[in-house]
Amino acid sequence: MKSNFENVDNVVLEITKKLSEVERFFPREFISMLDFVLRELLNNAVEHGNNMEEDRLVKLSLEITNEELIVDIYDEGKGYNPKKSLEKTENDDNFRVRNRGILSIYGFGFEIDADGGHTRAIYRNV
Amino acid sequence: MDIVTRENTIYCNINTNLVASYTKGYIEQLKKYLENDENYEVLQIDLSQTESIDSMGITFLISTYKTMSARGKAVKLTGVSEAMLRIFKMMKLDEVFKLKLNY
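From first to last, the protein sequence lines are chains W and A.
Residue numbers for the first sequence follow our numbering, so the first one is 1401 and each next one is one higher.
Residue numbers for the second sequence follow our numbering, so the first one is 162 and each next one is one higher.
To be clear, the hints were calculated from the coordinates, so they are not data collected in a lab.
We treat Cβ as the ideally placed atom computed from N, Cα and C, and that holds for glycine.
Some clues are possibly wrong.
Ranges of calculated distance between the beta carbons of each label pair, as one might list FRET restraints [said to hold, decoys possible]: (1) A:Ser209 - W:Gly1509: 27 to 33 Å; (2) A:Gly233 - W:Phe1425: 46 to 52 Å; (3) A:Lys237 - W:Asp1472: 56 to 62 Å.
So here's chain W without its partners, still in its complex pose (with noise of 0.2 Å):
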């Protein structure tokens, strides 16, 4: 997709609204952690992965299995450490304005990590 917020918006819906089309398999709790996920990494990889530069694309891959939801993310950039970002976090208040997207992912129970334009997510215990 082109790299702005409405195509994440879209994007999203467009895999939640599957998702909870077998309701018996995703649960409403798990369809809203996954969208709220998937926005974070769409909207990283748009924001800071592609500088916001609208011909620059993003690439979205989710496997589900039993075990655990794989979420692989690929943009145009130079890439981050998902890790630095909680370190950052870690010392701030819970009233700080940014820096709560990565964070958050890790709150979900999600592992992350980030090669170049690659940002993988992955969830286990489905």
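Fit chain A to the known structure of chain W by using the hints.
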């Protein structure tokens, strides 16, 4: 976002998801409205039509709260869904806002 003042309360009705594609516009809209209205004690934000929120939406709520607090005004959130409350609790923000839940 619909904004109206009744008695001493400004009511903001967010009629979309509170996510990145909308929040910049809401920030500007609210800022402009508040420039013309000082006669209120409470800013009430209704989220009953909001299903999804992201960190930019949360940033909007927090920065609004900080701005209002600095002016000595209160902020209330109403219509908060179960899903959104889970996110607020994870961020320890549930104790801050005066919440009225959707369920």
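Going down the list of hints, with the structure as the test:
no. : hint                             : in the structure
1   : A:Ser209 - W:Gly1509: 27 to 33 Å : holds (28 Å)
2   : A:Gly233 - W:Phe1425: 46 to 52 Å : holds (50 Å)
3   : A:Lys237 - W:Asp1472: 56 to 62 Å : violated (40 Å)
Checked against the numbered hints listed earlier, the structure breaks hint 3 alone; every other hint is satisfied.
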